[in-house]
Amino acid sequence: MSESEKKVILVTDEGIRTDGRKVDELRPIKLEVGVLSRADGSAFIQQGGNKILAAVYGPRELHPRHLALPDKAYLRCTYRMATFSVDERKSPAPSRREIELSKIIKEALEPALFLEYFPNSVIDVYIQVLQADGGTRCASVTAAALALADAGIPMRDLVTACAVGKADGRIILDLNDIEDKEGDADIPIAMMPQLKRITLLQMDGHLTEKEFQEAINLGINGIMRIYEMQKRALREKYLKIREEVVGAEKSEPKAKNNENTNESKSKGDEKE
Amino acid sequence: MYRREFLKMPIFVNKKEIVVPGDLLAEGEYKMGEGVFRQHDKYYATIIGIADLKGNIISVVPLRGNYIPRINDIVIGKIVEVSLTSWRVDINAPYFATLRAAHALDRKIDIVKDSLKRYYDIGDVIIAKIISFERGEPPLLTTKENGLGKLVGGTLMPIHPTRVPRLIGRKGSMINLLKKETGCKIRIGQNGYVWFLCRRPEIEQLLIRAISKIEREAHTEGLTDRIKDFIQQEKMQIERGESK
Numbered sequence: 001m002s003e004s005e006k007k008v009i010l011v012t013d014e015g016i017r018t019d020g021r022k023v024d025e026l027r028p029i030k031l032e033v034g035v036l037s038r039a040d041g042s043a044f045i046q047q048g049g050n051k052i053l054a055a056v057y058g059p060r061e062l063h064p065r066h067l068a069l070p071d072k073a074y075l076r077c078t079y080r081m082a083t084f085s086v087d088e089r090k091s092p093a094p095s096r097r098e099i100e101l102s103k104i105i106k107e108a109l110e111p112a113l114f115l116e117y118f119p120n121s122v123i124d125v126y127i128q129v130l131q132a133d134g135g136t137r138c139a140s141v142t143a144a145a146l147a148l149a150d151a152g153i154p155m156r157d158l159v160t161a162c163a164v165g166k167a168d169g170r171i172i173l174d175l176n177d178i179e180d181k182e183g184d185a186d187i188p189i190a191m192m193p194q195l196k197r198i199t200l201l202q203m204d205g206h207l208t209e210k211e212f213q214e215a216i217n218l219g220i221n222g223i224m225r226i227y228e229m230q231k232r233a234l235r236e237k238y239l240k241i242r243e244e245v246v247g248a249e250k251s252e253p254k255a256k257n258n259e260n261t262n263e264s265k266s267k268g269d270e271k272e
Numbered sequence: 273m274y275r276r277e278f279l280k281m282p283i284f285v286n287k288k289e290i291v292v293p294g295d296l297l298a299e300g301e302y303k304m305g306e307g308v309f310r311q312h313d314k315y316y317a318t319i320i321g322i323a324d325l326k327g328n329i330i331s332v333v334p335l336r337g338n339y340i341p342r343i344n345d346i347v348i349g350k351i352v353e354v355s356l357t358s359w360r361v362d363i364n365a366p367y368f369a370t371l372r373a374a375h376a377l378d379r380k381i382d383i384v385k386d387s388l389k390r391y392y393d394i395g396d397v398i399i400a401k402i403i404s405f406e407r408g409e410p411p412l413l414t415t416k417e418n419g420l421g422k423l424v425g426g427t428l429m430p431i432h433p434t435r436v437p438r439l440i441g442r443k444g445s446m447i448n449l450l451k452k453e454t455g456c457k458i459r460i461g462q463n464g465y466v467w468f469l470c471r472r473p474e475i476e477q478l479l480i481r482a483i484s485k486i487e488r489e490a491h492t493e494g495l496t497d498r499i500k501d502f503i504q505q506e507k508m509q510i511e512r513g514e515s516k
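Protein chains in written order, with the working numbering: chain A, 1 to 272; chain B, 273 to 516.
Worth flagging that the hints you see were computed from the coordinates, not collected in a lab. Hints may be right or wrong, so weigh each one.
To be verified - One side only, chain A facing chain B, incomplete, derived with CB under 10 Å:
1. 36
2. 58
3. 95
4. 98
5. 114
6. 132
7. 148
8. 152
9. 154
10. 169
11. 195
12. 238
All values derive from a computational prediction rather than experimental measurement. Quick reminder that beta carbons are idealized off the backbone N, C-alpha and C, glycines included.
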């Protein structure tokens, strides 16, 4: 598509994008861990207009039995979009795209997990997209990794994902829906940030080798920022309870156990 | 707290700090406990939990995770299937356990005339010990030791398996406190099932609340004292309610 045919300007000459972001800026991200009480682990991500829930069950008994692997756990990922998640109603039947994304999300998460600890069992990862706004596969991987960690499944590292791309000749970070559809290239990247290993890399569009290098570096930069948010979200859940308890002690000190509460309080202070 | 650079074995976390998968714990020569993996000479956490260092052993005490059977664990399970010579038991793990007749009964039984249903039937709750768990085989149980066998009556409460050590406490301090203060019979399975039999329903409700509180606040300091206060206060309230 030549410049003159283009209907929308995605990046202005000043480097401002359709939603007011700079080229290397992420969308606002909100992460929450342990949002579902029935699941063994769960997480919710809001990244721009994306709203995605991830739930993890297991390791548990695998049905149907013939899928069981004798040397490791079977990782079963299910990516689904709600009928109301996109502009035009999506048919509730699993589409080709959903099946493909389930597969690539599974492959992005698998290298991070110690599946060999749980032979013959299954770890189920259910991902439900409630609202889609471009880059759902990346947001899904980020949320699913949090849910897996929340389920207490041993992992080498968290997995974090972010998309990079190109629009109007500029390399841009964390594409939204319109940049994804109208832009020149889209590269979703997932990696284990601490171990510096990429577990998912796809490319749709055209880039020169130099642009590709630049895009990967920008993507890794974005992933590192999301990684810090992921770790903070995981810790927050437990720190909250700890603070609540320490706070409760301060508000109602008991005459009888004064010594003990003081002791535990000073211990708590040391930690912080 | 533990920056031991002079030994060239630095530790990067404080004791009792909450760590998440991928956190760098230490560098150098350590022994690995649970929840740790090593790459070159660096040690990383693999699970969400609390960092711990005992002597030279670095480990992460898990805060989440399903029960995985281990040999010598005492577990509470439900009978789900009775066959001619064995029972299948749900022990809240990814694998059903097997209890063979030889590991449950003192004498041989005549499988033509007698049925294993007479001893443990479907739905019965048993407390048993895991005697073997080989790769590719279901865990094997025994009920032949003292205190093991069928649990009759009472209530079965599932808790999070990672909270079991806290519910027992150091040298059983927490569980002994609960038994002493409530007067209930309590048995705990490592798999996260707690069974108890109380004389009065109010006390049973109180015990459930206390266990829920322990489960929720397991990773906080000074919990035993708080639980003691909690039970004594609640008991006073129950008594006050009765005298009115």
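Quick rundown of the hints versus the structure:
1. 36: 13 Å, violated
2. 58: 7 Å, holds
3. 95: 31 Å, violated
4. 98: Interface hint status for residue 98/A: violated (27 Å vs cutoff 10 Å).
5. 114: The hint holds - residue 114/A has a Cβ within 10 Å of chain B, the shortest such distance being about 7 Å.
6. 132: 28 Å, violated
7. 148: This hint holds: residue 148/A lies near chain B, its Cβ roughly 8 Å from the closest one there, short of 10 Å.
8. 152: 3 Å, holds
9. 154: 4 Å, holds
10. 169: Given a least distance of 36 Å, the restraint on residue 169/A is violated.
11. 195: 7 Å, holds
12. 238: 5 Å, holds
In terms of the numbered hints stated before, the structure departs from hints 1, 3, 4, 6 and 10, listed from lowest to highest.
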